[in-house]
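Convert by adding 19 to the 1-based position in the sequence shown; the result is the number in my numbering.
Because the hints were derived from the structure by calculation, they are not lab data.
No residue lacks a Cβ here, since even glycine has one placed at the ideal position from N, Cα and C.
Since no wrong hints were added, every one of them can be taken at face value.
Restraint-style ranges between C-beta atoms, simulated for each label pair:
1) PRO60 <-> TRP211: 42 to 50 Å
2) GLY89 <-> GLY67: 15 to 23 Å
3) MET20 <-> PRO188: 46 to 54 Å
4) GLN135 <-> LEU185: 16 to 24 Å
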Amino acid sequence: MVLLVITAAAVAYGVAAGLLLPRAAYRLSVEPDAAWHDRCPEGHPIPGWLGPSHCRGGGALSARHRYGAGPAWTAGVAGVVCGVLGGAVGGRPEAAVFVAVAPVLLLLGIVDLAVQRLPDVLTLPLAAGLALGLGGAALVPGAGGSWTGALIGGGALAGAYLLLFLLNPAGLGFGDVKLALALGVPLGWYGWGVWALGAFLGFLYGALYGLALVLRGSGGRRTAFPFGPFMTAGALTAVLLGGFGA
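With these hints in hand, go ahead and build the complete structure from the sequences.
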């Protein structure tokens, strides 16, 4: 019964947070060194950062004034991801941290898919928030991981990605290095087995996507594509398995 309540609450939170993402995703989807979008494609000012992706041109809602990702899609994905995380981790205190940051990871994925960019305004606070949140969770009885392991895991994954970036800057963005810092924290929380699995799955998912592009004739071996969503998917898969295992 308790697990059902936790899962339902996580789904409700994910849906509510997902409904707020489209406007932020559109505003953040700009090229490097460009200012955030402050107007919709129709030229109307965008009020605030959170909310659905439509504006009130002429004082009334109109389908032609919609832009960016659809709120139903973002709410659905966020609800599913948060619900699965809540159900997997259960009543352990780290569940609140993982569920809370899941919509931010979805937002990063949407932006990366749109402009192949992971904004510092999201990646760096995400890393700090995960570290602080899991530090608090470690103080609560019943925690299923290690805060020291989480901190080491974040540094280790960021270091590995930094090395790859230095070896091949054209194949990996520096934003991926900063995202690795954040993703390595929850992976390290559950130990080196989960950490290694999450790192491996990120590359595996990305490689499978690249292979699919080649087979479909949509790209070649050197075709660039956003890697952040695959890093995130790999990390989430490993954290789910770690949550079940713990």
